[in-house]
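Work out the full structure, taking the sequences as your base and the hints as a guide.
Listed in order, the protein sequences are those of chains A and B. Following this note's numbering, the numbering of the first sequence begins with 1 at its first residue and continues without gaps. Following this note's numbering, the numbering of the second sequence begins with 1 at its first residue and continues without gaps.
Hints were generated in silico from the structure; no laboratory data involved.
Sample of chain B residues at the chain A side, in silico, Cβ under 7 Å: (1) Asp23; (2) Val52; (3) Ala61; (4) Met65; (5) Tyr67; (6) Ala72; (7) Lys74; (8) Tyr94; (9) Met205; (10) Gly208; (11) Arg213; (12) Asn214; (13) Val216.
Backbone N, C-alpha and C fix where the C-beta goes; we use that ideal spot for every residue, glycine too.
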Amino acid sequence: MTTEEIIQSGKKVYERPRLLTENITHYCPGCGHGVVHKLVAEVIDELGIEDRTVGVAPVGCAVFAYNYIDVDWIEAAHGRAPAIATAVSRLYPNDVVFTYQGDGDLAAIGTAETIHAANRGENIVIIFINNAIYGMTGGQMAPTTLLGQKTATTPYGRQADLNGFPIKISDILAQLDGTCYVTRQAVFTTAATRKTKAALKKAFQNAMAHKGTSVVEVVSNCPSGWKLSPEKANEWLNEHMLEKYPLGDIKNV
Amino acid sequence: MEEVKLMKGNEAIAHAAIRAGIDGYFGYPITPQSEVLETLEAEMPWRTTGMVVLQAESEVAAINMVYGGAAAGKAVMTSSSSPGISLKQEGISYIAAAELPALIVNVMRGGPGLGTIQPSQADYFQATKGGGHGDYHLIVLSPASVQEMADFVVEGIDLSFKYRTPVMILADGVVGQMMEKVVLPPFRPRRTDEQVREQCPWAAMGKGDRKHRNIVTSLELDPAPMEVNNERLQATYKRIAENEARCKEFYTDDAEYLIVAFGSIARISLKAIEEMREMGIKVGLLRPVTLWPFPTKEIERLSKQVKGILTVELNAGQMIEDVKLAAECKIPVHHFGRMGGIVPNPGEITHAFLSAFPEAKQN
Ligand SMILES: Cc1ncc(C[n+]2csc(CCOP(=O)(O)OP(=O)(O)O)c2C)c(N)n1
Ligand code: SF4
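Following this line, the structure appears as structure tokens:
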């Protein structure tokens, strides 16, 4: 069937995921956050765990994630989501607890909380949006910013001698005995988005099976921070980000 | 019959926590309060009451675990000492802002900086005037005995749920470390998840059968509702100030002079007062039991009766500011304090009193 034929037939082939609220998101056009939200909402619904899921929102562009996905939420201080998730998961062992964090939240200010929650093997899902920039505060350097990448605080490009190197934190997390699943995915193409959904599902299933810490890194974009159109941003992601942050499972036990 | 036990103040905190039905304790070692975590780990309450005990990677993580547990409706607590409490301030501000119940214990040591592991009361300002950012208060309880260390765990967690605000037990290192007789509080069961769901309809614990999602947050970017949030907090603090200020008075009926002191030094001051009474000097003691809210009314009343007040503190003079405000500068208010972990004996306090009020001796 052609697109026209599908439309004319009046058959519903797609709808807003049930757990994605009607609220209009504050995300910029083309931003990866919205895509990942949709996948998370779908996965929670498909697994039937809406009643026992608790999300922990970060400080960063996803700070209002609680407005968009219809489960219970706790809004964390910057970087502290894994500590909060630790407590909720331990106090309610049957809950499915996930954090949703940006690269600054997870790999800079919250590095200690991230590493130690994962090292304890907390039964949580960590969703890690790596867009190589601080989106919310206006495009400053993130720990994952690429060498040479221009940001508001590296106006001449990130230089190793001045700013250190981009951190591959998922690779570090994969080294820890507490993680059961560490994967790096992306949402810049439909095919990649499908794989990300499968990865998220696996991560949530791990939590349901009490297998330990699952980490789903999503290499994402930030058209506003990168100062590129959404289309160009995805091209830039493909050309530059994936070389440093190759996609695929890093650990799967 | 009640069983009398001999133990340290820190151990009493741990035992009382288990008996009070606390759901979770999250801590990080620091002298002079490590016995709290050590005792809990040794007692293994997860096998008996189901209480969660976790050594966190830092005080920052520990207080955020408390925030998470509290946001999910559970009765949770942490303990630390001064440098660790400084690290917890961000989290405490978030807990206060999100209107969550939680219990925080500070067994104070001397500062500033890494300071000393010896006892101190130098965190009075931090505990009673905010500590973290924003307009908020903690209910601050000041124990002077091992018995009160145990009792205040129960009272503290109950107050925190009553007002949905964090409560701090501000103990000095003496009270944490000394051994005394104590009658531990009776066992009361932890609330079931169903009870939590019923009693804390705001808790983010999973929706269950609830139609709407619960969101625990302190974020509000729109100034008008943010001001409303602040006004709601201030209304709570007003209710607390009206209802929860507590103090203990000794020899105040006929007192011509007053010593105001909290925590362990209040007991040493009482010894000094008894010595002075033998010399014919009529001194009384007021010991604030809550440091916030401060027993302003009682001090105001006594300030009309006595000729002068001496505050005795293990710091450079912090509570004296609240005492002066209460006395409205109508009578002289002096301070005597030792710092750096030194605890004065009764003789030093008597000497300090007579230096401050030499005329008291002539009467
Ligand atoms: C303690 C603290 N420090 C700094 C900030 C300011 N801040 C807000 S968001 C943010 C960076 C967020 O970047 P990232 O985690 O990469 O998420 P993104 O916005 O890119 O999704 C910073 C530094 C804050 N809110 N709290
Ligand atoms: S600033 Fe960047 S990360 Fe934030 S919403 Fe806009 S595009 Fe997305």
